[in-house]
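Protein chains: 2
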Amino acid sequence: MSEKSDLLVIGHTAIDYIMTVEEFPNPNSSTPINTLKVFHGGAGANVAMVAATLGLNTAIISAVGKKFINSDYKRMMKEVNINTESMIISETEDTPTAFGMTNNNKDQIFYFYWGAGKEFAQAKPPKSTISSCKAVHLATGDPIFNQKSSAIAKDMSKIVSFDPGQDLNMYNREKLKEVIKNCTILFGNHHEIERIEKLLNCDVNGLRNFGPEIIVKTCGKDGSTVYTKKEKIKVDSIYRPAVDPTGAGDSYRAGFLYNYINGKDLKNCAKFASSVSSFIVEKQGCQTNIPKYEEVINRMNEFYGK
Amino acid sequence: MSEKSDLLVIGHTAIDYIMTVEEFPNPNSSTPINTLKVFHGGAGANVAMVAATLGLNTAIISAVGKKFINSDYKRMMKEVNINTESMIISETEDTPTAFGMTNNNKDQIFYFYWGAGKEFAQAKPPKSTISSCKAVHLATGDPIFNQKSSAIAKDMSKIVSFDPGQDLNMYNREKLKEVIKNCTILFGNHHEIERIEKLLNCDVNGLRNFGPEIIVKTCGKDGSTVYTKKEKIKVDSIYRPAVDPTGAGDSYRAGFLYNYINGKDLKNCAKFASSVSSFIVEKQGCQTNIPKYEEVINRMNEFYGK
Chain U
1 MSEKSDLLVI GHTAIDYIMT VEEFPNPNSS TPINTLKVFH GGAGANVAMV
51 AATLGLNTAI ISAVGKKFIN SDYKRMMKEV NINTESMIIS ETEDTPTAFG
101 MTNNNKDQIF YFYWGAGKEF AQAKPPKSTI SSCKAVHLAT GDPIFNQKSS
151 AIAKDMSKIV SFDPGQDLNM YNREKLKEVI KNCTILFGNH HEIERIEKLL
201 NCDVNGLRNF GPEIIVKTCG KDGSTVYTKK EKIKVDSIYR PAVDPTGAGD
251 SYRAGFLYNY INGKDLKNCA KFASSVSSFI VEKQGCQTNI PKYEEVINRM
301 NEFYGK
Chain D
307 MSEKSDLLVI GHTAIDYIMT VEEFPNPNSS TPINTLKVFH GGAGANVAMV
357 AATLGLNTAI ISAVGKKFIN SDYKRMMKEV NINTESMIIS ETEDTPTAFG
407 MTNNNKDQIF YFYWGAGKEF AQAKPPKSTI SSCKAVHLAT GDPIFNQKSS
457 AIAKDMSKIV SFDPGQDLNM YNREKLKEVI KNCTILFGNH HEIERIEKLL
507 NCDVNGLRNF GPEIIVKTCG KDGSTVYTKK EKIKVDSIYR PAVDPTGAGD
557 SYRAGFLYNY INGKDLKNCA KFASSVSSFI VEKQGCQTNI PKYEEVINRM
607 NEFYGK
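From first to last, the protein sequence lines are chains U and D. If you read the first sequence in the working numbering, its first letter stands for residue 1, the second for the next number, and so on. If you read the second sequence in the working numbering, its first letter stands for residue 307, the second for the next number, and so on.
In short, the hints are calculated from the structure, not lab data. A hint or two may mislead.
Said to hold, decoys possible - No farther apart than 25 Å at their CA atoms in a straight line, the calculated lysine to any residue pairs in the SDA-like style are these:
id : chain 1 : residue 1 : chain 2 : residue 2
1  : U       : K66       : D       : N334
2  : U       : K37       : D       : N334
3  : D       : K538      : D       : I567
4  : D       : K310      : D       : F418
5  : U       : K37       : D       : M393
6  : U       : K67       : D       : N595
7  : U       : K154      : U       : E174
8  : U       : K66       : D       : V327
9  : U       : K106      : D       : I567
As the list claims (entries may be wrong) - The following residues of chain D were derived to be distant from chain U, with all beta-carbon distances above 10 Å:
id : residue
10 : G512
11 : R514
12 : K536
13 : K540
14 : K573
15 : I603
Think of the CB as a built atom: it goes at the ideal place given N, C-alpha and C, for glycine as much as any other residue.
Construct all of the structure, not just a fragment, from the sequences and the given hints.
Laid out in structure tokens, this is it:
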């Protein structure tokens, strides 16, 4: 089959309710909400929206509720031509939703509703959708579905990237090994890469023995490092006053994959990715300040030089 | 002006997110949500939806967000012919929303987002809407807007009913006196009536000196009592296994007003109201099990005899 998509993203599409309160209520009491904002989120959708806005021909597989079909969220995906045909639509459960509350002391509490996301586990990865793309990115979602998808994609010699993110605690050593053996690129922030090293009992270079050719470790404002057999490439972050760091990691992955799929060298991938994420942190929400390709290139050249 | 509506309800239209969790998270941690249901709520809308379903020609004034205009909620109001023309639509804030979490221990926590509800305070009650109805019911909403509306309605010799409900703590003695002096009927549950008695330093019969001809005290499964100058009418509740008592009080008020506006005697009003609320408690949510007129009459006759 011809490759209709550049990138297939597998992982959550979610709704984020972000609230501020004076203080968290004690049991059997109530508190007024000072501010409430509703954002489009979910690591899978964050990556897909950024990749598609940059210009990749992108498809997504998430498990969502029926209301998603006529939602603003789907409309925004359509606006950047994301292929949503392989979405898993739950008959009974709503789209995954996160409720996050921050108090005056800047403490945070999160409530997560998996909802439709639970239906990933029983679903069968669609081979035709996987076969019609150049690369598959596995974001936070369901370990079993991710494992199955990675095996199919590997069999078809696709580029496979994997970012277990917050789901890392859902993987034991064996499950993790089963996914990363199919990977081309393993993404993680420094906490996550450290945890994976412990789980697999090796250092960052040792991780390549388990499958991935490329390890990308992101360290927030301290930049990112790309590890391959031949080299270790350290790239500074592009500092921008961070209004909200949420989604920065996902957008970095989308940017990195954009340049990787377009055949750029790894250093260039990391610089481009850092430029992308520098836009995301400037506004609250993961998908509120997605840059266009030209904006990313301009800021990248300005910061790193041509 | 001719009376186009039987009943104008003034008060909140809100969205209720009702969740169950194993336990409430500590600061800087997260918890999965076991169940999440989203219900249509808000005391004003609860009364209006029940009254309209029973057959009253009903209008509502609430302050809501722009998304309400194309929402399922508005569509459901339209289905029972509720006039929403005088709704206050906020340009910047969303529809009031409540987030309620219950843990395994049955403890509850509530977060309230006032949102568009704050815009009641600056809004001017629409005289033409008030003049075009037979009765005005003031539900939880904004004390100032309720006071202004009650004064206009009283001037126009409308039936005015008032249910301060959970908002009671927003009224001081003077504010409360200013509203209830314009009332025909004062509704409250036994906690609320007791609190009003304390605030005005009188007993339940003394409340009539402040304005209302009729005091209706509801006591959940222990029934309700109607106090007038001439009589004290005690009516048993119709017991139904309560899945969720939320909204029972609002539906009682709607039922009472339905019969009152239709000229029935007070005992009949209370029986009809009890029958209405017995349906509401049978399902989770305030608007999920609204009975039709015939169902209410049948259960009422069955329980109290004809």
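How the hints compare with the structure:
1. This hinted pair does not check out: K66 (chain U) and N334 (chain D) have alpha carbons roughly 32 Å apart, beyond 25 Å.
2. For the hint pairing K37 (chain U) with N334 (chain D), the CA-to-CA distance comes to about 19 Å; that is within 25 Å, so the pair holds.
3. Pair hint K538 (chain D) plus I567 (chain D) holds up; C-alpha atoms about 20 Å apart against a cutoff of 25 Å.
4. Distance hint between K310 (chain D) and F418 (chain D) is unfulfilled; the C-alpha atoms sit about 34 Å from each other, more than 25 Å.
5. Note on K37 (chain U) and M393 (chain D): the hinted pairing holds, with a Cα-Cα distance of about 22 Å set against a maximum of 25 Å.
6. The suggested pairing of K67 (chain U) with N595 (chain D) holds, with an alpha-carbon distance near 22 Å, which does not exceed 25 Å.
7. Between K154 (chain U) and E174 (chain U) the CA atoms are separated by roughly 18 Å; this keeps the pair inside 25 Å, and the hint holds.
8. A distance of roughly 23 Å separates the Cα atoms of K66 (chain U) and V327 (chain D); the hinted pair therefore holds under the 25 Å criterion.
9. Between K106 (chain U) and I567 (chain D) the alpha-carbon distance is near 52 Å, which puts this suggested pair outside the 25 Å criterion.
10. Every beta carbon of chain U lies more than 10 Å from that of G512 (chain D), the smallest distance being close to 31 Å; the non-interface claim holds.
11. With a closest Cβ-Cβ approach of about 32 Å to chain U, R514 (chain D) is found to remain outside the 10 Å limit, as its non-interface label requires.
12. No beta-carbon of chain U comes within 10 Å of the beta-carbon of K536 (chain D); the shortest separation is about 40 Å.
13. Listed as outside the interface, K540 (chain D) is consistent with that label: its C-beta sits roughly 31 Å from the nearest C-beta of chain U, beyond the 10 Å cut-off.
14. For K573 (chain D), the condition that its CB be more than 10 Å from all CB atoms of chain U holds, with the nearest at approximately 36 Å.
15. Against chain U, the non-interface label of I603 (chain D) holds: every CB pair exceeds 10 Å, the least being about 35 Å.
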